Structure formats: structure tokens, C-alpha cells
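**Student:** These are the residues of each chain, in order.
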Amino acid sequence: MTTVQAEGLSLRFGRTTALKDVSFALDDGVTGLLGPNGAGKTTLLRILATAIPADAGQLRILGADPRGAAGRLAVRRRLGYLPQNPGFHPHFTAFEFVDYIAILKEIVAGRHDEVRRVLHAVGLDDQRGKKIKALSGGMRQRVGLAAALLDDPALVILDEPTVGLDPEQRLRFRELIAHIGEGRTVLLSTHQTEDVATVCQRVIVLNQGRIPFEGEPVALAGVARGRVWTSPARADGALAAWRTGNGDYHNIGDPPPGARLVDPSIEDGYLMVIDAASLAGRAA
Amino acid sequence: MTAVVAEAPGSPAADASAPRRAVLALARVEMVRMLRHPVTVAATLLLAGLWVSDWFTTKTTRYPVLQELDHDSAMGMMILLGGAALIVGNLAVLRAHRDGTTGLSRVLILPDHARTLAHLLAPLPLAVVGAVLILARMAVLAICAPAAGHPNPYELAVGPATVLLLGALGVLLGRLTRSAVVAPLALLVLLAGLVFLEPLTNGGKALWLAPQGQPTPMMPIPVSLLARPAAAHLGYLLGLAGLLATAAVLRAGARGVRVAGAGAVALACTVAGGTAQLSPPSPAVTAARIAVMNQPSQHETCQELGHVTYCAFAEFSRWIPAWNTVVQAVVARVPATARSTQLTVRQRIAIPAFDRGTGPEQLLAAWRADDAAAGTPGAIGIDTSWGDSPAAANLAGQVAYRLVTGQTGEAPIEQRDGATACGGAGVLVVWLAGQASTHAGTGLGLLAEDARDERGGVSFYETQRFPTVYVPTPELTVATQALARPRADIAARVQQSWATLTAPGTTAAQAAQILGVPAPATSTAC
Numbered sequence: 001m002t003t004v005q006a007e008g009l010s011l012r013f014g015r016t017t018a019l020k021d022v023s024f025a026l027d028d029g030v031t032g033l034l035g036p037n038g039a040g041k042t043t044l045l046r047i048l049a050t051a052i053p054a055d056a057g058q059l060r061i062l063g064a065d066p067r068g069a070a071g072r073l074a075v076r077r078r079l080g081y082l083p084q085n086p087g088f089h090p091h092f093t094a095f096e097f098v099d100y101i102a103i104l105k106e107i108v109a110g111r112h113d114e115v116r117r118v119l120h121a122v123g124l125d126d127q128r129g130k131k132i133k134a135l136s137g138g139m140r141q142r143v144g145l146a147a148a149l150l151d152d153p154a155l156v157i158l159d160e161p162t163v164g165l166d167p168e169q170r171l172r173f174r175e176l177i178a179h180i181g182e183g184r185t186v187l188l189s190t191h192q193t194e195d196v197a198t199v200c201q202r203v204i205v206l207n208q209g210r211i212p213f214e215g216e217p218v219a220l221a222g223v224a225r226g227r228v229w230t231s232p233a234r235a236d237g238a239l240a241a242w243r244t245g246n247g248d249y250h251n252i253g254d255p256p257p258g259a260r261l262v263d264p265s266i267e268d269g270y271l272m273v274i275d276a277a278s279l280a281g282r283a284a
Numbered sequence: 001m002t003a004v005v006a007e008a009p010g011s012p013a014a015d016a017s018a019p020r021r022a023v024l025a026l027a028r029v030e031m032v033r034m035l036r037h038p039v040t041v042a043a044t045l046l047l048a049g050l051w052v053s054d055w056f057t058t059k060t061t062r063y064p065v066l067q068e069l070d071h072d073s074a075m076g077m078m079i080l081l082g083g084a085a086l087i088v089g090n091l092a093v094l095r096a097h098r099d100g101t102t103g104l105s106r107v108l109i110l111p112d113h114a115r116t117l118a119h120l121l122a123p124l125p126l127a128v129v130g131a132v133l134i135l136a137r138m139a140v141l142a143i144c145a146p147a148a149g150h151p152n153p154y155e156l157a158v159g160p161a162t163v164l165l166l167g168a169l170g171v172l173l174g175r176l177t178r179s180a181v182v183a184p185l186a187l188l189v190l191l192a193g194l195v196f197l198e199p200l201t202n203g204g205k206a207l208w209l210a211p212q213g214q215p216t217p218m219m220p221i222p223v224s225l226l227a228r229p230a231a232a233h234l235g236y237l238l239g240l241a242g243l244l245a246t247a248a249v250l251r252a253g254a255r256g257v258r259v260a261g262a263g264a265v266a267l268a269c270t271v272a273g274g275t276a277q278l279s280p281p282s283p284a285v286t287a288a289r290i291a292v293m294n295q296p297s298q299h300e301t302c303q304e305l306g307h308v309t310y311c312a313f314a315e316f317s318r319w320i321p322a323w324n325t326v327v328q329a330v331v332a333r334v335p336a337t338a339r340s341t342q343l344t345v346r347q348r349i350a351i352p353a354f355d356r357g358t359g360p361e362q363l364l365a366a367w368r369a370d371d372a373a374a375g376t377p378g379a380i381g382i383d384t385s386w387g388d389s390p391a392a393a394n395l396a397g398q399v400a401y402r403l404v405t406g407q408t409g410e411a412p413i414e415q416r417d418g419a420t421a422c423g424g425a426g427v428l429v430v431w432l433a434g435q436a437s438t439h440a441g442t443g444l445g446l447l448a449e450d451a452r453d454e455r456g457g458v459s460f461y462e463t464q465r466f467p468t469v470y471v472p473t474p475e476l477t478v479a480t481q482a483l484a485r486p487r488a489d490i491a492a493r494v495q496q497s498w499a500t501l502t503a504p505g506t507t508a509a510q511a512a513q514i515l516g517v518p519a520p521a522t523s524t525a526c
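The listed protein sequences correspond, in order, to chains H and W. This note's numbering applies: residue 1 is where the first sequence begins, and numbers increase by one. This note's numbering applies: residue 1 is where the second sequence begins, and numbers increase by one.
Treat the hints with care, since some could be wrong.
Derived pair list, reagent style EDC-like, types lysine to aspartate or glutamate, alpha-carbon separation capped at 16 Å [what the hints assert, rightly or not]:
1) H/Lys133 - W/Asp72
2) H/Lys20 - H/Asp55
3) H/Lys131 - W/Glu198
4) H/Lys131 - H/Glu96
5) H/Lys133 - H/Glu194
6) H/Lys20 - H/Glu7
The hints are simulated quantities; they were obtained by calculation from the structure and are not laboratory data. Since the model is a prediction, treat every value here as computed from it, not as a measurement.
Construct the complete structure from the given sequences, taking the supplied hints into account.
**Tutor:** This is the structure we're talking about:
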């Protein structure tokens, strides 16, 4: 069954269009949500998490319509949500915080066992008695992820969980998310194309409130096929170019004749999609 | 770190009792957090510390009267534990906002009004802690200290009720505004109310509308005469707490018959309790107060110790041995020939508010008539406060005057300052009073200090209102010097020269010569 089915979702904040006619579907597995700052990612995730309603469009999450109170409650019972900058109660221990969230999720039977289970799942067995203010940023994110995993949710929404983590923590977090995505639907909002490349089976690119791309990560990379080349100097006309470790320039755009084409990455595809969408948006 | 996601033990299905159980679970968490909060711990320790230090102080100042201390306990508890409940309860409601977890908490299942209900339940253990502290204080005072009377259970419950009331106020404020400053400000307003409300209301019945209620009378009185509407006040406070709680859950989005019902019950309690507590005492209580004040002998039991009769209201009779110690210390310095005077010490109360139609003269006349009718004319008056040094000096001075002059110390009723003891008799009265005990000596100094700004000398009072014996400054000076000399030496001179010292014509200067101390610079014309 499709976990999330969105048709024509739109939302405005005053004169600002946050989302415009957004349609997509989510199934089991990890889906990455890529987009620049201000693209509407967090707004979309908050709609899916039932924190705010859309102005227009149809949305069904786990078979329920979140516009009504009963549907919203049904969604929330099967939802795990890690907001961007989730905030923690610094004087709580990791166990106390997750236990507190468990209560607010109305988990009453075997609550402490469930809290221990999710803390074990995120690798915080040894840290559960530590106050949150004494935990590192990565550990705090894992506490938040543990809270999101309470009650074995069918849909997990993670809003930029890897922001602020050091490379090792990010790698471990990716590993964790990959495992969480087995048998459930995970929507992972991120700035990091590497996150998408490593753990996501599908990717949605959101830009200026619209979805210019939805598909597999490989397909996103494929968008840039034939449009990425290297050169000893910055190429004129490249949409983007940067110097790589070996001294050559990595260019994206319309390659000149005879250019040394290379295999595109997801990042290249993403940049192509974003740039094309931006150009289209400006033209519109 | 392991990245292996353990299998969930099966998704707990939502059942009908889950919200209620979640509320109770959340309330348990909030209860523990409130009890562990530094503000609560500090307030509890401070309250207990104040009471412990008060106990040590009381032992050397005033003997405790439990029907007075029950109200006093409620006041301290309201300020400290109630203040803690107000602030900590408010912080708990604002926690998600302060810590930035609203993004997550708003999509969790337990509705806001259920969370508010849990916050409202959180101060319950703190109220229980308060009740335990009060009971412990009363038990310690009743067992270890020479306490009089007994506490009113409703009065004891007022303190814990104020904890619930202020806890509910903290939750409501948290629901009304997100500022954490508002609750401490509300506490400051409450404290200001404590300070200014009493003078503003002239200590009247309107004070019952405030959480602390009306203060107890200045002088302790028997429990049966207090007639404080403690039960009604308790109902009023709990009703108010219920109203605040209802407002808080309504603000959090609760609706329905149960909320309306709870609000109606709370309103009924508030109105009924508030009205009942403002009612005047029953005619029977008023009549009993007047009767006990004017004819104490009919409401007291008497016992004789060392040829002295002591009459006290039943709940104060534990103090008789302490009175006797002071009296016997005076009697012991008097030659055997002067001990034939029959001494009676009678407890009296004098509360003007009990009978506004009776002035001091009428009250003194009533006491004399009562003493005569009881066969104890000229009984020495003592009130319902004991343990402080002036009380000991007052009793010792009155007893000394009786033994020295053979008179009662009752001046004509028109002479409001009491009888004057001049010359050698006056010197003897002060010396006998001052040597009765270290405590009485200290009290003598305090009484003299009180009189210094008026006419000097020293007055000995009964019931703190009526001076019965006055000793002028020259006699006081001689006696004070004698008190500074070795007691045995002065006692021997007193025994040898008793007749001379007590003779009406003996001046203070002559008394000084007999006692071997410098003569006073001035003399008293009596």
C-alpha cells in the first residue's frame, strides 16, 4: 500500500507561496527530499507530520485523511517525526526524554521496555542515564531519532537530521537510517546529496515550492549525463564549476565540443535540476 | 554504535484507557520533577529549617499554643511550598516552549488539555509533603515542647490546599502567557497582598477572602472560643483551586460535560465556602467568649502546688509546673512569717473584640467579682502566653508584691496604672522578681526598658493589658544594683531586715543602705 499519496498540495504564508501543486507518493524504503534553503522542504514535512494543514490539495497518509481530527490522530499514532532543530529538555536524561515523548504518544503498556528498545536501536544503551545537556550533538540527534522510532511507526519523517554532525557521526547516522528504512517508509529531508546517494531508494527534489524531479537517485544523476566535464581551467558558460583535488575543474552545463565528459554524480544532477527549475521559475 | 534496529515488541494498540493512563503517567513524571526541582527542594528545606529553628527559639521565648501555630504553619507553607508549586508548575507548562520542543510535541497524541490535567495533578505530592511537615511539626511541639491546646485539622489542611491553589495558578498562567516571568511576579503580588491586605482591611473578615485568612487573635485563647471558619475557608480555597484548574483545561481546549460539571462544583465550593467563612460567630460562641472572659473561674480547673493555687483553662494546665517554679523561687526568699499570705494564680483572657461593649474597667470589675465568687479574692492574673522572659517577670513581680505588702496589687479601678510600690517595699518587689530566675531577670530588664520612655520605673502586668503593680525609678535603681550583687548576700540581708524593708516608712535610700548598695540620686514621694 502506498504510505503517502499527495495530490496538488499547496500552501501560502501571506504573499509567499511555500508549496504549489505538489504531488508525489511514498512507499516503503527511504526517500530523500532534496532542496535548497527556502525550497519548502520543512513546510512539506510539517504538513505530512500533521503539524499544519495544506491550503489545497488531497493528502492521504497511511490511508487516513489528516484534515479531520480523527484522521490526524490516526496518522499521529503511526508517525515518527524528528523535526529540524527538534529541541531537547536539557535536564532530562536520554531515557527520561524518550520516556516523556512515549507518554505523550500515549504508549502506556510496556512503555519502559519500548524506551529501552529504541535507545538500544540508536546505540544509546550506555548513554541513557546521561543528561541531554551532557550529550554531543550527534548523540542528541540519536535521542531524537529514538523518540521518532517509538511505537514502531509506519512512517518516519526526518527533517535534516544530519545537519551539524561531524563526518563520522553523519556516516553512522546514515547507517542507522538505512536500517530504519527496512520495512517502513522514511522521508529524509537533507541538504546532503551524499545522504541520498548512500541510503535513499528514491529522491524528491523540491525547489521554490515545486517538485522538479522525482525518481531514483541514479536517475537524478542521469539528468546530468553528458553535461559534466573536466578541464584544466574554469570553462566559460558552465552553470557551476569548482576545482577538484587533482587540480582540474569540474564543470556542469553545456560542454564545449571535445570536452572531457565524466560520469555525473547525484550532486551534478541535483544542481542541473535546481538550476533548470530556477531558470524556469525566473522565466515564469 | 550499533545500527541494528531491534524488532519492536509489537505495536501497542490504542485502547480506550490509554489517554487516562497516559495522563496519570505524565502526572507521575511531573510530580517527581516538581519534587526534585531545586526551587522546591530549597523551599522545603527552608520551611523545615524555619520550623526547626522556631522550635529551638520557642523553647526559650514562648511556649507553643497549637491552635495558634496551625494557622501560622499554613502561612509559611503557602509562601514557600505554594510559591514553589506556582513557579515550578508554571515552568513545567512552559517547558516545551522554553526548550524548543513544540515542533515535536504538537504532533504527539496526548491532547493539550490532558497534558494540562497532568500538570494540575503534579503539585499533589508537594501538598502531601506539606501536610507531613505540618503534622510532624505539631507532633514534635505536642510531644517535646510544653505545648498547649490542639490544632484544628481543617486549619492544618489550609497550607496544603494553598499549595494546590498556587500550583493551579502556575499552570493557568502558563496556559495564558508564555513568559516565565509572570509566575514569579504573581508570587510577588501575592506577598505584597500579605503585607498590605491586613492594614487595608483593618484585620477584618474580608481577610478570609485571601488565601491566608484572618490572623488568630493576639492572645491565644481556648480552642472552643476560636470559632475560626477553617472548614469553610478550606472549601473556599479548594473551590478556587478547582476554578483555576477548570480555566486552565478550558484554555487548553477541553470542552464537554465533565469540564462544565467540574467547574460548577468548584464554583459552588468557592461561593459556599466564601460566604460561610464571612458569617459572624454563632450567638452561642459569642456568649461563651464573653462568659469565659468575664468569669474565668467557671471554666477553669485548679490545682494546688506548694501552698499556691493555680487555676488554668484545661488545655493550658501543662504550664502550671512552669508557673510554680517562678512563684516558688519568689516565695523561697521570703521569711516564713511572710508566707502565710494565700496565693492564687488565675489564668485570664482579655480580647476586646469579644465584647466591644465592655471597657477595661468593667472587665477588671468582672474579674474581681469572679474572684470573690470563686473564693479566691485578689487572685494574681496570668494570661495565655508563657515562656518569654517578660511573662516570668510579670508573674514574679505580682507574687512578690503580694508577699511584700500583703495586698493584691489591685489599685482602685480608676487608677489604670496599678498600685505603686514605694520605698523599701518597692525595692524588695523588684529584687524578688528579678532573682526568681535568670529568665525573670531578663524579663525585668525588658519591662523596665518598655517603661523608660514613659515615666520610668517598671510595671508588672496581668494579661499584658493591665498593669497591676508599678515600682518607680529610684526603687528600681536600688533593686537593680542589688541584683548585681551576690544573691546569697542580698538574700541574707533581706531575711534579716524583712520587717524594716517592708515597713511603710522605709525609703529607697534606707533600703539601699540595708542592702549595701549606693543610694539613689532621687527619691519617690508616695
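**Student:** Each of the hints needs a verdict: does it hold here or not?
**Tutor:** Verification of the supplied hints:
Between H/Lys133 and W/Asp72 the alpha-carbon distance is near 41 Å, which puts this suggested pair outside the 16 Å criterion. For a cut-off of 16 Å, the pair hint linking H/Lys20 to H/Asp55 stands: about 10 Å separates their Cα positions. Distance restraint check for H/Lys131 and W/Glu198: the Cα-Cα separation of roughly 47 Å exceeds the 16 Å cut-off, and the hinted pair is therefore not satisfied. The hinted pair formed by H/Lys131 and H/Glu96 meets the criterion: a straight-line CA distance of about 9 Å does not exceed 16 Å.
Distance check on the hinted pair: H/Lys133 and H/Glu194 sit about 29 Å apart at the alpha-carbon level, beyond 16 Å; violated. A distance of roughly 11 Å separates the Cα atoms of H/Lys20 and H/Glu7; the hinted pair therefore holds under the 16 Å criterion.
Hint check: violations occur at hints 1, 3, 5; the rest are consistent with the structure.
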